[in-house]
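Knowing the structure of chain Z, use the given hints to seat chains F, L and V on it.
4 protein chains.
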Amino acid sequence: MDETGTGTDTHTGPHTPDTPRATLGVGMVGYAFMGAAHSQGWRTAGRVFDLPLTPVMAAVCGRDPAAVRAAARRHGWAEAETDWRALIARDDVQLVDICTPGDSHAEIAIAALEAGKHVLCEKPLANTVAEAEAMVEAADRARERGQLAMVGFNYRRVPALAFARRLVASGRLGTLRHVRVTYLQDWITDPEFPLVWRLRKERAGSGALGDLGAHIVDLAQHLTGEHLAGVSALTETFVKERPLPGAAHGLSAAADGAGRGPVTVDDAALFTGRLASGALASFEVTRVAAGRKNALRIELNGALGSLSFDLERLNELCFHDHTEEAAVSGFRRILVTEPEHPYLEAWWPPGHGLGYEHTFVHQARDLVHAIAAGTGPRPSFADGLQVQRVLAAVEESARHDSRYTPVEPAPVLPALA
Amino acid sequence: MDETGTGTDTHTGPHTPDTPRATLGVGMVGYAFMGAAHSQGWRTAGRVFDLPLTPVMAAVCGRDPAAVRAAARRHGWAEAETDWRALIARDDVQLVDICTPGDSHAEIAIAALEAGKHVLCEKPLANTVAEAEAMVEAADRARERGQLAMVGFNYRRVPALAFARRLVASGRLGTLRHVRVTYLQDWITDPEFPLVWRLRKERAGSGALGDLGAHIVDLAQHLTGEHLAGVSALTETFVKERPLPGAAHGLSAAADGAGRGPVTVDDAALFTGRLASGALASFEVTRVAAGRKNALRIELNGALGSLSFDLERLNELCFHDHTEEAAVSGFRRILVTEPEHPYLEAWWPPGHGLGYEHTFVHQARDLVHAIAAGTGPRPSFADGLQVQRVLAAVEESARHDSRYTPVEPAPVLPALA
Amino acid sequence: MDETGTGTDTHTGPHTPDTPRATLGVGMVGYAFMGAAHSQGWRTAGRVFDLPLTPVMAAVCGRDPAAVRAAARRHGWAEAETDWRALIARDDVQLVDICTPGDSHAEIAIAALEAGKHVLCEKPLANTVAEAEAMVEAADRARERGQLAMVGFNYRRVPALAFARRLVASGRLGTLRHVRVTYLQDWITDPEFPLVWRLRKERAGSGALGDLGAHIVDLAQHLTGEHLAGVSALTETFVKERPLPGAAHGLSAAADGAGRGPVTVDDAALFTGRLASGALASFEVTRVAAGRKNALRIELNGALGSLSFDLERLNELCFHDHTEEAAVSGFRRILVTEPEHPYLEAWWPPGHGLGYEHTFVHQARDLVHAIAAGTGPRPSFADGLQVQRVLAAVEESARHDSRYTPVEPAPVLPALA
Amino acid sequence: MDETGTGTDTHTGPHTPDTPRATLGVGMVGYAFMGAAHSQGWRTAGRVFDLPLTPVMAAVCGRDPAAVRAAARRHGWAEAETDWRALIARDDVQLVDICTPGDSHAEIAIAALEAGKHVLCEKPLANTVAEAEAMVEAADRARERGQLAMVGFNYRRVPALAFARRLVASGRLGTLRHVRVTYLQDWITDPEFPLVWRLRKERAGSGALGDLGAHIVDLAQHLTGEHLAGVSALTETFVKERPLPGAAHGLSAAADGAGRGPVTVDDAALFTGRLASGALASFEVTRVAAGRKNALRIELNGALGSLSFDLERLNELCFHDHTEEAAVSGFRRILVTEPEHPYLEAWWPPGHGLGYEHTFVHQARDLVHAIAAGTGPRPSFADGLQVQRVLAAVEESARHDSRYTPVEPAPVLPALA
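Protein chains in written order, with the working numbering: chain Z, 1 to 417; chain F, 418 to 834; chain L, 835 to 1251; chain V, 1252 to 1668.
If you are wondering where the hints come from, they were derived from the structure by calculation, not from laboratory data.
Treat the hints with care, as some may be off.
[What the hints assert, rightly or not] Here are some chain V residues pointing at chain Z (derived, C-beta under 10 Å):
#, residue
1, A1578
2, V1579
3, S1580
Because the structure is a prediction, the values reported are computed rather than measured.
Glycine residues also receive a C-beta, built at the ideal position from the N, C-alpha and C atoms.
Only chain Z is shown next, with the shape it has when bound in the complex (with noise of 0.2 Å):
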């Protein structure tokens, strides 16, 4: 099967065949920072990959007329809508891209299945559990009718990860011990950093936690293949308040301290739990790790062979193998660009690094090609209501003085392509 990479194809091949292809219409609601990297993904994957379907960028959606007018030029849009229900309804659009923050997936993801659309939904599924699960017995009955469902957890496509995942579905790393994963960064570390949107939980439903920690956790499962089955947890806001995002750019400071406002979601979150197997798992999410940027860090642990990745130098994945002779091992860097390695046929000789960006491109490859097989791409919104169920046991863990609080058992495991 060709979903995660596996496929043949390649960049510079000899021949693209003269009749064109169908074409695959995609519907983009949200532009933002993720509708940018979603467009980058869309417009590149059919240049560089030989889709079974031309993905065609018919139209993106935003509430600002001329910003979505501005939007669609910029990044590719053939049109600009103001309504997702207008989008969701146009007969030129076959998928519909949900980048718009977690509050609104649910109701557009659902809308959008329920009108025979297949559904690409960026992650978090949802800001709560019982949405996430919404989604997924939407997903469910869609499935019936012939739409697909998917939730971009990206990082699945970072070809250094999906070769890890080969490894550990191979045997290489034996029965696991330990999984250890951290995603630092450092954005608000200053004190002095606005309360933006994302500080605040009516908005963002939760800090380094759910932005974060549903990478991580997304990551842990997929690559092991296996589920949490409780967690122990710490979060914490360090920050209590934090100047109003006027009164930081100096506009509205007002006297009395009215220029502050609380902190209403965590700046950390530290857990540890136990995989399905046994194995023993430790987590940490923060904001406020000064000098780190994008530390998502990942070692497995097992009886044959270990594996490191972080994804500041996301072109290498650290492999142990240890079953060879003592003298001679040690964790071999493997840079990740080799033809053999997932998706990277299709990319430039060895050596050339790949971006962030490109696991979006990967990410539509991979969906356009399970669209076209009527097979159910992963992670699916049962993947992502996993991962939103371990979120909300480690809050549950956190309330309650960390006590090892059960994760409700998922009917599918991970996938182990």
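This is chains F, L and V only, laid out in the frame that chain Z set:
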């Protein structure tokens, strides 16, 4: 000035004007590895950066009609041509982008300039100094008519190297003492790797020296803002005979050794030299450094500080500030992904790295800015000629017992921007 | 004050006084791994550092007469004893250095202190909190008589960590947010590794937690200058049964599984916690992290900067100064080999690194200075007791569903020197 | 054979024989930096390794009576001498260890050999080829009488480099293509660093070339098992005048520039060359590479694999095995601390690294084994002479326009053990 990524442009900026920009029609000759990379550049530059002219991918040219049509479809060129003279003659082409092998650069570039087109020409500028001189003359004449010419030393546009240039130019390194550059690859390490055209002098002009050496000579001169005054060199072809390509694939192996042919270019070259200021420079290029995929490594040592860089980790620049207290000094690993870094304001948040191909996006961006402003883009054809002169001196020194061989001085200093 | 390597002493200094120094007779109990390391410390300290008292290696003690005589010869002790009470009673012994397993520490240390001797006791201070408390009481009584007691957390004397402590104490990191420490080894990764005494609770007290956890709890508290207020923990024994040592060597393998025995200590422990200031702390110890040999890794994140360290590269400390301009900031790799660094003035020129055993030389040096000055050396027995209390809280939390478990507060803060 | 750390000896072994070993009386000339390091070696070797002869530190020699007495006390030598001829004449000295500057090596070494003593002589062997030739002749004559001579290229005894030699000798790298060695320091980067004796030709003979170049030429030849056939070189003195040492310290600064003197040795040297087999070699030595403290870096590229090493991380060796499947290959970081590694069985558990000074312990160990066995130790005086010839060729090439200059062939190949 807006050339090397120093302008203000942002990816997600609030306002893109409603009035459409003027366009710049691009015609590309050649569509293999470099053609694919340039296509990515042209397709993306205007989506990420605010450009004063909108590039239009008018036509691509190649000799095989079916193949060039497929390439046009794949890479997003509106039309296909099979004769480069026809491409040059098109009214909708204002810029000719030359991605063919070096032996055709001079003819196409000179014709395009004389036809009133701007020209972007892949490196190396030409296969001989004489050709390069003719190209510079053509560029000088064209300049008077308003046509601009640029050579594609894309690594100048790696953000880390553009930032390195800024640090040097700002005096942070002080008087330079050492420049140390290697470009190590390993793709012909296996003696059974076949005798592809890049290993035959009549086609490729030179081996590792012309291919890899051109890059590092340009970078050494660009980063230091100085020219090489002279060189002393050794070159070597370790594997004198290789299987003919057909033979290697079992298609045409003949008896009596007819299945092998002589390698007529270098596998590796070592050279040392002096910069105009007296700093020492050391260079090494090779295609047989097992395990090194794209190890373009640079170190600069000055009286006040040092820089080091490795293309295999292209989002990082290491900087040592020698004016700091010894106890807390050391090489710092700068993740060159901050909005303050060249080109980065338009891309992703800190820590979300770029890849190899982005150099071509930046090259397209800078060239469009230069054309709009009417200022000469760098690296100019004169810069390319100067690199050719250094490579010619390397070959001459290698032929004469490594004797120190002066390089003819260039009239223009490397860019200081 | 002269304790943590901050004094002025130099290896090759021009003048060593002609008048001989007073001596300090040392008697050591135990001569295995730790005994060998301590012997290197005592033999070398006075050769490298200018000490106020000259250590004399008076006698070593062990139960096997022939073996202890051989050890005395090998390691340079003047005489051998077979009864530790006899060693303590010797007139030529003023300092008793205890290198036995933890279950004998309390008895020997208390007896030695009561006999009027100074004591250096290997870590962990004891196998139980009750024993440790008795030792602290004995140390307090002895202190009034002028005898000093120290516990051997030697990693405080790695120059990079002593320097890290200085940077924290000087405020370079600002308010601390995170402490992240792991100690990863892999020597029992193979399930067929035999059931040595360290894997049986009756002998070792604890597994990775007591052995490795004691080090990292002490370092976390020492480096931050704060105590842990509470912890939440998971522990695990992955391999429940192992071959009996004889069986493993083929000497006594019996039928019917008689060749295996139960592992009664932990293989690994994960714990999280809060420092007194509210900073979050994360800990992991394991003996089954394939490929990690001695990976004691520490990271501290503060509002003004961060530090990171890896014992596998013990001459390096990485420091990020968050007050610097973003474009040139990053983790700098400080080679902690400058004369300005702790202990280094007495050693080799910059860049000529030290090794593991030098921590014992520094420990000996600092203890001799403290004894000469009559000041209490750190880490004191009270420091050791505090570590035991943390480990006890970890075990209690692990037994109670990872519930957050407060640690009894210590009367004395970690050293700020 | 037992020479390069390959024997079986263990630190904590159960039995050391009761019968005392025969002794080897050592007399050392010079007691500065190298003398301190050698003293550590002699003091420690027999404590860690099982030696066939027990070294006895009989006497140290220096011209200043008070200073040499203090040095004897400090470093553990039984007696002090002020005349090296008296030292050589002592009956209790069988081995003379020469740690003086290079200009006195020949006289002392030849006299010691003629007096029937074994000799260990610091590198470089001598200041001139003629002196070195006389020393080789003396060593050859002495050898017939049973006296042995060794030159102190201690870096051969870094365990990682001793292991690298094993990997090369065992064929793991295949046919060598490239040797790349730098030795970068920065201690005279500041132009105001004073004119110490090491910067005056009449005292030091040469600058970075003789001091650092001797090490890397020896290592390149030793690791490859081949001699350099010829070289091409550039040398440079960047700072032509420096403050006189007194002036720099404010003691004697005079008007009219009288406070400065000319630097008469090189600051840096670049040279390239060919090994006997045709492999290319690249060398760089400098004392002005800001931020590099002791960066002796080596890379070897062969048809089957590559090795890289950095003395600033001396416990690590990086190895790429080119015969492995490309997708999982990469440079592995071997922690050279396993009992299977050279010298390590006698030291600490895996991951507990060694330091710079341990090379002198290993040197002492290997020399004692060679003396006990009566076999010629390596590096021999002939090895030292060969290095001098290479350095002389470098200087000659630098004087003659970098012309490729053959090196007189040596009669004996570098050690293959």
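Do the hints match the structure? See the list:
The beta carbon of V/A1578 is positioned within 10 Å of a beta carbon in chain Z (closest approach about 4 Å), and the interface hint is therefore held. Proximity of V/V1579 to chain Z holds as hinted, the smallest CB-CB distance being about 6 Å (cut-off 10 Å). Of the supplied interface hints, the one on V/S1580 holds, with its beta-carbon coming within about 7 Å of a beta-carbon of chain Z, less than 10 Å.
Of the numbered hints listed earlier, not one is contradicted by the structure.
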